[in-house]
Structures are given as C-alpha cells and as structure tokens.
Amino acid sequence: MSQDHLTHAEHRDDEASKLGMWLFIFTELLLFGGLFVVYAVYRYMNAEAFHLAHEELSVTMGTINTVILLISSATVAMSTSAIRLGDTKKALILIAITIIAALVFMVNKYFEWGGKFEHGLYPGSAELAARGQGEVLFFGLYFFMTGLHGLHIIVGLVLLTISYIGVKRGTINGESPVMLDNSGLYWHLVDLIWIFLFPLFYLIK
Amino acid sequence: MDTNHTHEAHHAVPYKTYGIILAILLFLTAISVAVTQIELDSLTVTVAIVLATIKSALVLYYFMHLKFDDIILRIMVIAVIAVLALVILITLLDYIYR
Chain G
0 MSQDHLTHAE
10 HRDDEASKLG
20 MWLFIFTELL
30 LFGGLFVVYA
40 VYRYMNAEAF
50 HLAHEELSVT
60 MGTINTVILL
70 ISSATVAMST
80 SAIRLGDTKK
90 ALILIAITII
100 AALVFMVNKY
110 FEWGGKFEHG
120 LYPGSAELAA
130 RGQGEVLFFG
140 LYFFMTGLHG
150 LHIIVGLVLL
160 TISYIGVKRG
170 TINGESPVML
180 DNSGLYWHLV
190 DLIWIFLFPL
200 FYLIK
Chain P
0 MDTNHTHEAH
10 HAVPYKTYGI
20 ILAILLFLTA
30 ISVAVTQIEL
40 DSLTVTVAIV
50 LATIKSALVL
60 YYFMHLKFDD
70 IILRIMVIAV
80 IAVLALVILI
90 TLLDYIYR
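Just so you know, the sequences run in chain order G and P. For reference, each letter of the first sequence is one residue, going 0 to 204 in numbering that gives the first Met the number 0. For reference, each letter of the second sequence is one residue, going 0 to 97 in numbering that gives the first Met the number 0.
One should not assume that every hint holds.
In silico DSBU-like pairs for lysine-lysine, Cα to Cα no more than 35 Å straight-line [what the hints assert, rightly or not]: (1) P/K66 x G/K89; (2) G/K17 x G/K88; (3) P/K66 x G/K88; (4) P/K15 x G/K17; (5) P/K15 x G/K108; (6) G/K108 x G/K17; (7) G/K89 x G/K108; (8) G/K204 x G/K88; (9) G/K17 x P/K66; (10) P/K15 x G/K89; (11) P/K66 x G/K108; (12) G/K167 x P/K66; (13) P/K15 x G/K88; (14) G/K167 x P/K15; (15) G/K167 x G/K108.
Hints in this document: simulated from the structure, not taken from any laboratory.
Pulled out of the complex, with its shape left as it was, chain G reads as follows (with noise of 0.2 Å):
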C-alpha cells in the first residue's frame, strides 16, 4: 500500500458502484425483456392488425432518432475517455453534445406523438377503438414502450446534467470518474433499448 492511499480520507469503492449500476440494468433489460414477450406473442397473434398499424410509423423519423441516439451514446462514451486523459473542456463538450442529442430526441417524440394524436390515434380513442382489437394493442404497445422509454430519456437527461454539473464543479475528475461512468452506462441502455425497440415497431412487416 502506497502512501497516498493513507492521506485518502473519504471511502471510495468504484468497482462496487459500477457492478450496482450493472444490477440495476439487468432489472431494466429484465423489465423490457418482458415488454418485448408481450409484443411478440400479440404480433403472433395478430399478424395482419400489426402490420397495418405499423405502417402508420413514420421510418425517416424512427432512423433519425436511432441515428441521434447512437451518435449521443458514442459522444458520452468518448467523454469518460477525455475525463480520463485530464481534458476536463472536452469532456463538458461531449456531454454537452450527448445533453442536446436527449433534447433532439425528445422533441422528435413530441411532435411523433403529436402526428398520431392529430389522427385520432392515442389509447383509448374511439378511432382507434373502430379498427378493431389488433391495432388497439400495437398502439397500446406502441405507445406504452416507446414512452417507457422516452422516461428513461428523461431520468439520463436528469443523469447527465448532474454529471455535467459534476465535472464543471471538478467533483468528478480523472480520479473519479464513476459517476459520469455510470451516467453514461445508463445512458447506453437507453440506446440498447431503443437498438430493439426501432425495427419491431418501426421496421418489421
């Protein structure tokens, strides 16, 4: 054991706070894993009425946010490596840009959301209600995940402002990065998620 150790006053276990983090992302994959055996026994059953509800989606704006989430998941991944080498300006950069790719993300969703209201498309509606019981499930299913999910983009942007906040004030720093660590490990399975979540609503005939 080395001297500096000694001088450490505060008690610190970052391989414990990272395995955690990692408990609590298997309760989410767990949690959506069971969305998704929903969603595949429904579809099964229901071929025809989901095929002619996800025609409704709009593809160019399902890739658009894919694209702007993988962007922002690679921008806060690069942002622990800066952390890491001291450039604490590159790192406020990244995670600036990872802030306002969730922000980008969202604003999509409003106005995505907004569309289907506009068409009388929202649970419960009596629109819905006339085309039957497999549509009622896809867009109960549609609507259930994909704001399940744009939840999770709240709580990251919560996450990642906190880390922002973090580094500015210099509490997290190349020797204590754990918080921006596990941030950005959230922040990936917000990305995960939506990895699935695009081609079984968005893609798949």
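Position chain P relative to chain G; hints supplied.
For chain P alone, coordinates are given in the frame of chain G:
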C-alpha cells in the same frame, strides 16, 4: 483498499475506437432500414433481429466497456441475457405450438 488508480489509468479508451464503433453502428442501421424496405417476407423479421443483436453486442462490448472490464461483469451480462432469451423462447414455443 482497491487499486483504483491503476485500474482507471488503462481504462481511457481511444476516441478512435468509439468513432469506429459508431460508424459500424450507423452502417448496420442503414442496412437494416434498406433490407426491411424490400420484400423478404418472413426473412425480414430474422434479418432485423439479427442486425439489432449485433448492434446491441457492439454497444455492450465497447460503449458499455465490457471488453475492458473485469470478466465477472461479462459473465453476469451473458447469464442475464441467457435467462431473458430462455424466457422469450419458452413463451413463444408455448404460443406457437399450443
């Protein structure tokens, strides 16, 4: 007491690595969009799921640092995904062959 310092030191993944992975992810996205636009019937689902799986593996392995982290994390992640896959498979088998 853990050796935090030595751990972190070689954890700084080069920016270039992330850049390359991002390029591959964007390329795979373009392929999955293009492939699902042409009519392949039942194959569409398979292609879309396979591409999504490759993409998520890249995110897990590089962006989420599994490649650079302790092996115990990799084992845990594989175990959780295996459980998830098993639950999905068994449920689907039940519905398809009921």
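Comparing the hints with the structure gives:
1. Under the criterion of a C-alpha separation no larger than 35 Å, the hint pairing P/K66 with G/K89 is consistent with the structure, at around 24 Å.
2. Restraint check for G/K17 and G/K88: satisfied, since their Cα atoms lie roughly 24 Å apart, inside the 35 Å limit.
3. Pair hint P/K66 plus G/K88 holds up; C-alpha atoms about 27 Å apart against a cutoff of 35 Å.
4. Simply put, P/K15 and G/K17 have alpha-carbon atoms about 24 Å apart, close enough for the 35 Å limit, and the pair holds.
5. A distance of roughly 31 Å separates the Cα atoms of P/K15 and G/K108; the hinted pair therefore holds under the 35 Å criterion.
6. For the proposed pair G/K108 and G/K17, the alpha carbon gap of about 31 Å is at most 35 Å, so the pair holds.
7. A distance of roughly 29 Å separates the Cα atoms of G/K89 and G/K108; the hinted pair therefore holds under the 35 Å criterion.
8. In summary, the hint linking G/K204 to G/K88 is not supported, as the alpha carbons are separated by about 45 Å, beyond the 35 Å threshold.
9. Distance hint between G/K17 and P/K66 is fulfilled; the C-alpha atoms sit about 15 Å from each other, no more than 35 Å.
10. Among the hinted pairs, P/K15 with G/K89 is consistent with the structure: their alpha-carbon atoms are about 15 Å apart, no more than 35 Å.
11. For a cut-off of 35 Å, the pair hint linking P/K66 to G/K108 stands: about 33 Å separates their Cα positions.
12. Restraint check: the Cα-Cα separation between G/K167 and P/K66 comes to about 29 Å, which is no more than 35 Å; the hinted pair holds.
13. Proximity of P/K15 to G/K88 is assessed by CA-CA distance (about 18 Å); at most 35 Å being required, the pair is judged to hold.
14. As the CA atoms of G/K167 and P/K15 are separated by approximately 25 Å, the hinted pair is consistent with the 35 Å bound.
15. Between G/K167 and G/K108 the CA atoms are separated by roughly 30 Å; this keeps the pair inside 35 Å, and the hint holds.
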